[in-house]
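K.L.:
Start from chain V and add chain C according to the hints.
Going line by line, the protein sequences match chains V and C.
Start counting the first sequence at 1; every next residue gets the next number (my numbering).
Start counting the second sequence at 456; every next residue gets the next number (my numbering).
Note that these hints are calculated values from the structure, not bench results.
Hints are not guaranteed to be accurate.
Simulated restraints on C-beta separations [said to hold, decoys possible]: (1) Pro-310/V <-> Glu-749/C: 24 to 34 Å; (2) Ala-286/V <-> Glu-725/C: 38 to 48 Å; (3) Arg-881/C <-> Pro-283/V: 37 to 47 Å; (4) Gln-579/C <-> Pro-310/V: 46 to 56 Å; (5) Leu-446/V <-> Glu-749/C: 51 to 61 Å; (6) Thr-474/C <-> Asp-351/V: 55 to 65 Å; (7) His-517/C <-> Ala-441/V: 20 to 30 Å; (8) Ala-575/C <-> Asp-84/V: 56 to 66 Å; (9) Gly-407/V <-> His-517/C: 34 to 44 Å; (10) Gly-407/V <-> Ala-896/C: 28 to 38 Å; (11) Ala-425/V <-> Arg-550/C: 29 to 39 Å; (12) Gly-6/V <-> His-517/C: 31 to 41 Å; (13) Ala-441/V <-> Glu-505/C: 27 to 37 Å; (14) Pro-283/V <-> Ala-570/C: 26 to 36 Å.
Glycine residues also receive a C-beta, built at the ideal position from the N, C-alpha and C atoms.
Protein chains: 2
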Amino acid sequence: MDELIGALRAALPAEAVLTDPDVTASYAHDMASFCEAGRPAVVVLPRTVEHVQHIMRTATAHRVPVVPQGARTGLSGAANASDDCIVLSLVKMDRILEIDPVERIAVVEPGVVNAVLSRAVAEQGLYYPPDPSSWEQCTIGGNIGTASGGLCCVKYGVTAEYVLGLDVVLADGRLLTTGRRTAKGVAGYDLTRLFVGSEGSLGVVVKAVLALKPAPPQQLVLAAEFPSTAAACEAVREIMGRGHAPSLLELMDRTSLQAVNAMAHMGLPESTAALLLAAFDTPDPAPDLAAVAELCTAAGATEVVPADSPAESELLLQARRLTLPALEALKAATMIDDVCVPRSRLAAMLDGTAAIAEKYGLTIGVCAHVGDGNTHPVVCFDPADEDEARRARESFDEIMALGLSLGGTITGEHGVGVLKREWLARELGPVAMEVQRGIKAVLDPLGILNPGKVL
Amino acid sequence: MDELIGALRAALPAEAVLTDPDVTASYAHDMASFCEAGRPAVVVLPRTVEHVQHIMRTATAHRVPVVPQGARTGLSGAANASDDCIVLSLVKMDRILEIDPVERIAVVEPGVVNAVLSRAVAEQGLYYPPDPSSWEQCTIGGNIGTASGGLCCVKYGVTAEYVLGLDVVLADGRLLTTGRRTAKGVAGYDLTRLFVGSEGSLGVVVKAVLALKPAPPQQLVLAAEFPSTAAACEAVREIMGRGHAPSLLELMDRTSLQAVNAMAHMGLPESTAALLLAAFDTPDPAPDLAAVAELCTAAGATEVVPADSPAESELLLQARRLTLPALEALKAATMIDDVCVPRSRLAAMLDGTAAIAEKYGLTIGVCAHVGDGNTHPVVCFDPADEDEARRARESFDEIMALGLSLGGTITGEHGVGVLKREWLARELGPVAMEVQRGIKAVLDPLGILNPGKVL
Numbered sequence: 001m002d003e004l005i006g007a008l009r010a011a012l013p014a015e016a017v018l019t020d021p022d023v024t025a026s027y028a029h030d031m032a033s034f035c036e037a038g039r040p041a042v043v044v045l046p047r048t049v050e051h052v053q054h055i056m057r058t059a060t061a062h063r064v065p066v067v068p069q070g071a072r073t074g075l076s077g078a079a080n081a082s083d084d085c086i087v088l089s090l091v092k093m094d095r096i097l098e099i100d101p102v103e104r105i106a107v108v109e110p111g112v113v114n115a116v117l118s119r120a121v122a123e124q125g126l127y128y129p130p131d132p133s134s135w136e137q138c139t140i141g142g143n144i145g146t147a148s149g150g151l152c153c154v155k156y157g158v159t160a161e162y163v164l165g166l167d168v169v170l171a172d173g174r175l176l177t178t179g180r181r182t183a184k185g186v187a188g189y190d191l192t193r194l195f196v197g198s199e200g201s202l203g204v205v206v207k208a209v210l211a212l213k214p215a216p217p218q219q220l221v222l223a224a225e226f227p228s229t230a231a232a233c234e235a236v237r238e239i240m241g242r243g244h245a246p247s248l249l250e251l252m253d254r255t256s257l258q259a260v261n262a263m264a265h266m267g268l269p270e271s272t273a274a275l276l277l278a279a280f281d282t283p284d285p286a287p288d289l290a291a292v293a294e295l296c297t298a299a300g301a302t303e304v305v306p307a308d309s310p311a312e313s314e315l316l317l318q319a320r321r322l323t324l325p326a327l328e329a330l331k332a333a334t335m336i337d338d339v340c341v342p343r344s345r346l347a348a349m350l351d352g353t354a355a356i357a358e359k360y361g362l363t364i365g366v367c368a369h370v371g372d373g374n375t376h377p378v379v380c381f382d383p384a385d386e387d388e389a390r391r392a393r394e395s396f397d398e399i400m401a402l403g404l405s406l407g408g409t410i411t412g413e414h415g416v417g418v419l420k421r422e423w424l425a426r427e428l429g430p431v432a433m434e435v436q437r438g439i440k441a442v443l444d445p446l447g448i449l450n451p452g453k454v455l
Numbered sequence: 456m457d458e459l460i461g462a463l464r465a466a467l468p469a470e471a472v473l474t475d476p477d478v479t480a481s482y483a484h485d486m487a488s489f490c491e492a493g494r495p496a497v498v499v500l501p502r503t504v505e506h507v508q509h510i511m512r513t514a515t516a517h518r519v520p521v522v523p524q525g526a527r528t529g530l531s532g533a534a535n536a537s538d539d540c541i542v543l544s545l546v547k548m549d550r551i552l553e554i555d556p557v558e559r560i561a562v563v564e565p566g567v568v569n570a571v572l573s574r575a576v577a578e579q580g581l582y583y584p585p586d587p588s589s590w591e592q593c594t595i596g597g598n599i600g601t602a603s604g605g606l607c608c609v610k611y612g613v614t615a616e617y618v619l620g621l622d623v624v625l626a627d628g629r630l631l632t633t634g635r636r637t638a639k640g641v642a643g644y645d646l647t648r649l650f651v652g653s654e655g656s657l658g659v660v661v662k663a664v665l666a667l668k669p670a671p672p673q674q675l676v677l678a679a680e681f682p683s684t685a686a687a688c689e690a691v692r693e694i695m696g697r698g699h700a701p702s703l704l705e706l707m708d709r710t711s712l713q714a715v716n717a718m719a720h721m722g723l724p725e726s727t728a729a730l731l732l733a734a735f736d737t738p739d740p741a742p743d744l745a746a747v748a749e750l751c752t753a754a755g756a757t758e759v760v761p762a763d764s765p766a767e768s769e770l771l772l773q774a775r776r777l778t779l780p781a782l783e784a785l786k787a788a789t790m791i792d793d794v795c796v797p798r799s800r801l802a803a804m805l806d807g808t809a810a811i812a813e814k815y816g817l818t819i820g821v822c823a824h825v826g827d828g829n830t831h832p833v834v835c836f837d838p839a840d841e842d843e844a845r846r847a848r849e850s851f852d853e854i855m856a857l858g859l860s861l862g863g864t865i866t867g868e869h870g871v872g873v874l875k876r877e878w879l880a881r882e883l884g885p886v887a888m889e890v891q892r893g894i895k896a897v898l899d900p901l902g903i904l905n906p907g908k909v910l
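The shape of chain V in the complex, shown without the other chains:
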């Protein structure tokens, strides 16, 4: 251990190497509270690419596992420490290196916070769409590691679609550059996308070239109340099936609405079974909003209220963004599912989730990016209550099984991490698992990069 720390210190500044167990313990896990996490041997906070290369060379020489971390807002335990590992926190590499409106790219270090980048590009009339709920805390490096999504995805897609090129420090310390700075490019195999969503298990991202879009007009949100989640899902089918392109399309169930009201007294309609939020950010959203209002009414909405202004719209979005914290406040702990199903199976997914909640006697609130078919059932439980904790884990798993049976995936945007690791093979099957393991072995032959995650 001392030898390892001595070797790390040989080329890192003193303040970049943390060994106090009280301090290093605080780096042990991300926001998936229910996942196993080990005790790091040391936490390193590099500021340069050369620092990261030194760390990886040292880790390779000492055969020590390395767990890359961003802001640790992840929801699958992908950033959780393993015992005696080096936690490699990228938060000090937080410079925006370039924003170029003509090329429509930003070049950033991995520790840049999503909201910081989003605001910086907005100042130049540009837009970086990916907007995970944790956007005020989470880092671009973490977003790349988990291929994270957000509310924007139904129109703008996920993080992966905005990563043009990467600098990656490999397990042995070599520096790999992937992709490009140009709008297009197909030279060789697409290594960039291989790293996106790989949860730090293939290499350490130290720089990213990101695609930007022109800033759209501010969106206007419509809120519709439904007597059942199934009716709301029928509206979603119609909205998407008729070619509308909402900038967001979100659902909150009754449990979520009540939780948000309890936390923030927002006066959301608690009697409704499902609130649907649809927004458009086109120059003239009125025709789309009117058409969507009609489709909601036809699907059984009891109340349809278009927001009159961007400010009113923002209030509705705040309610939506509060859902996770509000559900988390209901009980001591939560496990958040991330099942994405075909849009036409959403009703079955939500009805099935309600049945699972009833079967296990648990509170499971659901918010969902319904435009994408991506549901987040939030299982609320008390880990001190052993029986409830067991039921929570079982219901969490049963929700994934339901998603798979409906032709869906166990993870739409949160990643596999530790939480869903044993489920990955069920989704991918043996051939894909073997290929994935083969690729992992090419990039990390010693298995030191975030072991126990993804595969």
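P.N.:
Frame of chain V; chain C shown alone:
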């Protein structure tokens, strides 16, 4: 040889195995006429996934190279036969299996022709954007193999962005399913994108789940004449830098304009140095078209003509699409560069290309997807004239070197194939090459899949 053919016939219908040398010779190469091509031992035309699996198992057992082919409209020799190989033509697997407006996906076999799919989805109000110039002939499988682009990319991106999931027969005949049918999904490493653009060197795509968009309004095109390519490129900088989102932004240089007039008598302005075409497909394109007209005039345009109707717009697009055939008609052969540079380096790229044409005493016409920085200098030459052929190859290479020196890539959308193979390492560097070779070895340990292509 007889043994191989016997083994193939054991599980393939008689008409699916072609051995007549006059017939198999016609499958020897794609449209990159100047690339080496071998003589196939046999051409197979499977109709089912099981056929493809049988072919790959047989190829593995006999250690025989397999060259997958679509419509052979590629421009880099990626589909060229190697000596004694099995040519695996996917053109008979040409069924559209599913078009779903709610999920916004199409599920297709690889031999479906791009235009056939585009028209089929249009009938349901949907849009499959990727539109290579060869869209009336080229297949979706070929598009996936080369990650091809087209005119739409400046707004809608390339083929890669529309591939959600794949079924791939691996070198040893196993069937791998990658990706998903859902709008989002991040379970495991992104194998889908690894196969897109891999030119059949990692596996044989036998099914694809493609993302669709709602059909946009028909686009309106504006044409602007410039006294120099540099002035046109300055307009491009301004158009893109100010946040416009054209549905296409194309340039034709004087050589291209003259060639199209010579072929089709379209009355294009031959005195102009560069014609810029910009289009918008929004519900109300007028404000964007007016703003772009102003930017063109400010950049020095001598004439700016917005098309009055979709029909007039279509005529301008026809002229643009005729550029390659028209330039090909100038001389016995052409070599088509595919250099993509940052938008702000376009003027330098085009001036440099003109200087190279002069230096080598050659006709090099340029059409370009300038909105993406993707230029297609077309080197026209007579292969029977040994000296001219040498100068053609040298100028072709010098254009790639220029692109790299300007921070660009050797291929924006046509792929590496045989034509640019020795250039790939120059662009990627040794670390990326090593990683790429490692991945190739995982998926094709015997090296039988399209050997000599890409890497």
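K.L.:
For every hint, state whether the structure bears it out.
P.N.:
To see whether the hints hold, each was checked on the structure:
Taking 24 to 34 Å as the suggested C-beta distance range, the pair Pro-310/V and Glu-749/C conforms, at roughly 28 Å. Distance hint for Ala-286/V and Glu-725/C: a CB-CB separation of about 46 Å, consistent with the stated range 38 to 48 Å. Between Arg-881/C and Pro-283/V the C-beta distance comes to about 45 Å, which sits within the given range of 37 to 47 Å. The beta-carbon spacing between Gln-579/C and Pro-310/V, approximately 34 Å, falls outside the hinted interval of 46 to 56 Å.
Between Leu-446/V and Glu-749/C the beta carbons are some 60 Å apart, a value that agrees with the proposed interval 51 to 61 Å. The hinted range of 55 to 65 Å is satisfied by Thr-474/C and Asp-351/V, whose Cβ atoms lie roughly 58 Å apart. Checked against the hint of 20 to 30 Å, the C-beta distance between His-517/C and Ala-441/V comes to roughly 28 Å, which is consistent with it. Between Ala-575/C and Asp-84/V the Cβ separation comes to about 57 Å, which falls inside the hinted range of 56 to 66 Å.
Look at Gly-407/V against His-517/C: about 38 Å separates their beta carbons, and that is inside 34 to 44 Å. About 33 Å separates the C-beta atoms of Gly-407/V and Ala-896/C, a value consistent with the hinted range of 28 to 38 Å. Range check, Ala-425/V to Arg-550/C: Cβ separation about 31 Å, and the 29 to 39 Å hint holds. Distance hint check for Gly-6/V and His-517/C: the Cβ-Cβ separation is about 56 Å, which falls outside the suggested range of 31 to 41 Å.
Restraint check, Ala-441/V to Glu-505/C: a C-beta distance of roughly 30 Å satisfies the suggested window 27 to 37 Å. Taken as a hint, the range 26 to 36 Å holds for the pair Pro-283/V and Ala-570/C, whose Cβ atoms sit roughly 32 Å apart.
Hint check: violations occur at hints 4, 12; the rest are consistent with the structure.
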